[in-house]
Structures are given as structure tokens and as C-alpha cells.
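Chains as they are written, first to last, in the numbering used here: chain A, 273 to 570; chain B, 17 to 337.
It should be emphasised that the hints constitute simulated quantities derived from the structure, not laboratory data.
Don't take every hint at face value.
Dumping the calculated EDC-like pairs for lysine to aspartate or glutamate here, alpha-carbon to alpha-carbon at most 20 Å [as the list claims (entries may be wrong)]:
1) A:453 to A:442
2) B:168 to A:420
3) B:194 to B:227
4) A:416 to A:428
5) A:385 to B:253
6) B:139 to B:109
7) B:73 to B:209
8) A:385 to B:245
9) B:189 to B:228
10) B:208 to A:388
11) A:385 to B:243
12) B:175 to A:407
13) A:416 to B:165
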Amino acid sequence: MSFEDDDFVEDDEMNMIDEDEAASDSEAESLSDSDEEITEKLAEPTKTAVYNRDGLLDKLQDISWPEDIDWTHKLTVEIEQGQQAAVDVNDDLAREMAFYTQALVGTRQAFEKLQEMGLPFLRPGDYYAEMVKSDTHMEKVKSKLLYEKRQMEEAEERRKARDNKKMAKEVQSQKMKERAKQKKDEIESVKKWRKQRQQSGFSEKGAGELDLEFGNGKSFQRGGGGGKKRPGVSPGDRSGGKGKTASRMNNKKREFRDSKFGHGGRKGLSKQNTAETTNDFKGGFRGGKAGGNKRQKR
Amino acid sequence: MGRKRKHSEAEAAAPVKDDSAPERPKRTLLGWKDKKEDVEEAKEAAASVSVPGFRNKEKVLVTCSRRISFRYRHLMLNIVSLLPHCKKDSKVEAKSSKGATLNELVELKGSSSCLFFECRKHKDLYMWMVKSPSGPSVKFLVNAVHTMEELKLTGNHLKGSRPLLTFSSNFDKDVHWKLLKEMLTQVFGIPKEHRKSKPYHDHVFAFSIVDDHIWFRNYQISVPHNEADKVARGGLDKMTLVEVGPRFCLNPIKIFGGSFGGPTLYENPFYVSPNQIRALEKRNKAGKFAKKIKAKTRRKMHELSNPLEPDEFADMWKDDE
Chain A
273 MSFEDDDFVE DDEMNMIDED EAASDSEAES LSDSDEEITE KLAEPTKTAV YNRDGLLDKL
333 QDISWPEDID WTHKLTVEIE QGQQAAVDVN DDLAREMAFY TQALVGTRQA FEKLQEMGLP
393 FLRPGDYYAE MVKSDTHMEK VKSKLLYEKR QMEEAEERRK ARDNKKMAKE VQSQKMKERA
453 KQKKDEIESV KKWRKQRQQS GFSEKGAGEL DLEFGNGKSF QRGGGGGKKR PGVSPGDRSG
513 GKGKTASRMN NKKREFRDSK FGHGGRKGLS KQNTAETTND FKGGFRGGKA GGNKRQKR
Chain B
17 MGRKRKHSEA EAAAPVKDDS APERPKRTLL GWKDKKEDVE EAKEAAASVS VPGFRNKEKV
77 LVTCSRRISF RYRHLMLNIV SLLPHCKKDS KVEAKSSKGA TLNELVELKG SSSCLFFECR
137 KHKDLYMWMV KSPSGPSVKF LVNAVHTMEE LKLTGNHLKG SRPLLTFSSN FDKDVHWKLL
197 KEMLTQVFGI PKEHRKSKPY HDHVFAFSIV DDHIWFRNYQ ISVPHNEADK VARGGLDKMT
257 LVEVGPRFCL NPIKIFGGSF GGPTLYENPF YVSPNQIRAL EKRNKAGKFA KKIKAKTRRK
317 MHELSNPLEP DEFADMWKDD E
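Extracted from the complex, chain A is given alone in its bound form (with noise of 0.2 Å):
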């Protein structure tokens, strides 16, 4: 780059403005609309640019400090970029990657310098100052977290629970689709034996030759396949199985007022005189009625 004249400068900018628009109506496919509101870069620097290489030497010896000072009052720690052509700036994840381990090397190098110093460089557990953001801050972040963390494992429960409810439905289908061929299976067997007695003309030895299989006798026992769960309760009983015996008082009372009301209750017909009360002085069967009717109508 030239050695550019110093009072050159102040019309650069509207140069720089003409030449930009014949340069870039070229450029204006190549426009980098990344997120990140990134400028364009022309294709050809202007020619004219100022770069007084000297000058920005002298300033540099004018601002810096000494050269001799201790490292701690500066603190830098300069970091070499093995592959730095390959960091695309439009690429998220591989620019903040390169961010981070620049970083990273950074602070090793560093610490291993303030170790060698002896220097406390590293925050008890136990030192509490103000930080840079608010407690109130880092709870919000903290519940964004928790938040986050809690619909990620959501939406797993869910997704296995889909999962498994496919499993089971495939699962129960075959077992029904057992069940039926089982039964069916049964049901051809008892008719084949039955056509084989018949074709042996019902010969008494028949009984010993009943060797089908009726699956340890559950199959036909009432409870299905599954067994008996109450083996206090015979097969037939409609009674709901076994009660106890004021339940059985009630049950008389029940059954009294079920034949004389039908099932459900009386309705509103408790201050009306039905064929057997017309001749009843003093109430009658106070025993089962009297008060009993308004508790049944609860």
C-alpha cells in the first residue's frame, strides 16, 4: 500500500461512496444476509484507502506502556490460530467454537503463569461479593433451565409412552388373537370327540378315552382362564359373594320395600293412603317405613 498524503483525507469518504456503487451493483448477488447483520465486504479495496503505517507506529510508542512492567498489570495472553482460514464467519457452532477455545488455551496459559507466581487468582467457595448480574437475574436463568430440561424430558416420556402403548396394543392383539384360536381349537375338539363317540356307537369304555385337553379344567369354569380370585363364592351366586350379616338385615328391609315400591324407592306418595294403609290408624308397619323412606330417598 502507498505512502498516502496526510490532507488527502477529507474528501476519501464521498470517493470512497462513487467507487463503492460501480464496484458493488457487481457485488450485490454476494450480499451476506447472515443473521448477524454482517457487513459487505467489496471484492477489490478502494484504492484510495489511507494506510500511513508510520504514523500508526508513532502512536503505538506514544500509548504503550513500558516495556518492562510485570505481566500482571497487563493480563494478555496472546493465543496462536492453528487453522484460522478455516473459521467461516457464517458458521455459528465453528466460529463460537473457535471463541471458546481460544479462550480456553488462554486461561490455561494463564493460570499456569499465576500458579508459578504464587498469586491467589482463584475464588474460594466461600468469598461472596457482588456479582455482575443480579441474584434475581440467575434465577430466571435458572428457571429457564429447569424449564427447558423439564420439556426435553416431556416430550421423552411421551414419546416412549406412545411407544409402549404400541408394544401393548400389539402385545394384547396377539394374546386375543391366542385366546380365539384356543377357543376355537376346544370347541373342535370336543366336536370330534363327540363325532368319534358317535361313530364308536357311545361304548361305555368311552369315558377313559376322553383325552382331550381341557387345560386343567379352568377353561370352563366361570372367571375364564384366569382362575377362581374368590373361593368362597360358588359359581351361580348373584349375591355379590360374602357380606356380613347386618348387611343381610339390610337386605330384608330391601326387599321389603322393593316389593312394595319396586325397585328405585317410593316417589312422593308418602302422606298418600295406598289400599293397604286406607284402614291403618296409627302408622302400621312403622318399623321398616317410619324414617326409613327419607334415608332411601338420599
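For this one, chain A is given, so just place chain B on it according to the hints.
Coordinates of chain B only, in the frame set by chain A:
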């Protein structure tokens, strides 16, 4: 190196080593290059005295222009909280954002540098980094701003603790980057015994140059440790960084020789102002309509010059009515 040495003991160690020194004449500060101990002792003495009078007295003035939008204002506030050696000042009028007034302001507050955030058209943020009184100044265009309040940036660190500054190696490739690196070190590095600074180093700044932009990241360092001056064995490998924020990307526009003006020392040849970009886009869009009109007239001319042969079936249904 295996012994635990607290900060106070570092200074106590210096006089201990001095016992060997009194035999030698005052040659320690100039340093005997071949005697390593003397050089180290000189450094330690220097550390405790901070090299014949060097004290980092950097003071940064942070201001912004009026009509700055909320995101950039939060960025400015984040930077204020990151730098305890800065002073936040009230907004400056738009007319006075050039040259003299700002210089006076900086002088008045007795600061040695200034960070001025200028927001143009409520959309673009320009940042001036200026060393006072006669120092160079840089104007940046700031992109890709993410403030500390974003919930995705989960790290946290002590307010005012001194950061470690890491620069990528391409800062040394060219003169203007070197100058920028020096300015960044001085502005973003907290002075050593500043009264508002906190003692430990628990965060790190990362400045990298990618695509001729300077990218800034701020990470919190979390490393398993039990003592304040020694990392646990193997701890360095388990170190993780969590991003604290803020995040921004600087595009250098110009470097001037004076503060807020002066001779231009450097211009970025690749810089295109955001106004131009927007104008370009508009022009593209405007081009669409003109092109459509042109295409229509062209089609008409074409049709006129090449008439279609009469269609045999054109009158087929005319008689039916």
C-alpha cells in the same frame, strides 16, 4: 513451587531472597542476565514496587449519544459494569458529538480514555475508542450485539474482578491491529490495584479477528479447586468456560491520529457503511418493477412484429351465439 504461597508472602519472600543479595552491589535492577535468581528478584521487587513508578492510572469515560436504542443502551450499561475503572456520563447532544465538546468533557472528568457510543438512525451503533489527550482514536461499527440480560448467557462472575485478556495471534500481523490491540488492552484491562477491583481472576475476555472484524466474548472460568492459588490436580483439564456476555463484533472504520478527529492514519478498505447497504437493497428492489415494465413493452413489441397466423378454430363458436 509446591509450597502454598499467599499474596502477602510473595512480598515477604523478596526480603528473604535479599539476604543473598546484599553481598552484591546494586546491580539487581539492571539484572544479571545469566543469574536467574537476580532477575527474578528484580521482578519481584518490581512487582511490589510496580516498576519504578508505573501505575496503571487508566480511567475510561463512557457516554452515549441521545436517541440511543434500548439494546445499545443495555450494552453500554453492561460495559460499565464490566469496567470498574470507568465513569458513566450523561448523554451528549447530537450536535456536539464531534470533536471539541467531547474532548472537553474528557478533560473535565480527568479521564485518560473514552468510549463513546453513537447511535445513528436508531439502527446503527458506532463506537469511538479514544485515548486522551493526544492519543489515537478509532471509530468502529458495532454489530451482532447480545447483552448480558439474555437468558442463554448463563455465566456470572465477580463484579470488578480483573479479566484475563486473550488475543488471537493475527493481532500481531499488521500495524493497525497492533495499535488496536494496545488500545483494547488499556481500555478493557482493569488497573491492578484499582480500589473497585476484586482480587480473583474468574473471567476471561476473548478478542479475535475473523473476517477483518474484532469479535468480543466474555467467559466465566469454572475450574475445580480447593485453594485460592493452586488448581486441583488435573483441574486444568476439567476447566470449563461459561459465557457471561455481552457479545459484540467491531468493524474498524477509521483510525485517527488525534482524539475524536485529526489526521486519518488508517481507513478500512473493506468497510461499507450500513446506509450504502440499505441503499443497495432498495435499488435492487426498485429494479424489479422497472424490469417488469420493460419486459412488458418488449413483449408487446415482439407481438406486434410477429403477428400470429389466424387460428382456424377461432370462428368455430361464433355462429352458435
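Each hint, compared with the structure:
1. A:453 to A:442: holds (16 Å)
2. B:168 to A:420: holds (11 Å)
3. B:194 to B:227: At roughly 16 Å apart (the allowed maximum being 20 Å), residue 227 of chain B and residue 194 of chain B satisfy the hint.
4. A:416 to A:428: Distance of about 18 Å is within 20 Å: holds.
5. A:385 to B:253: holds (16 Å)
6. B:139 to B:109: holds (18 Å)
7. B:73 to B:209: holds (10 Å)
8. A:385 to B:245: Answer holds: residue 385 of chain A to residue 245 of chain B is near 11 Å, not above 20 Å.
9. B:189 to B:228: Holds, at about 12 Å.
10. B:208 to A:388: holds (18 Å)
11. A:385 to B:243: holds (16 Å)
12. B:175 to A:407: Given pair residue 175 of chain B, residue 407 of chain A holds - Cα atoms ~13 Å apart, limit 20 Å.
13. A:416 to B:165: At roughly 13 Å apart (the allowed maximum being 20 Å), residue 165 of chain B and residue 416 of chain A satisfy the hint.
When the structure is compared with the earlier hints, no violation turns up for any of them.
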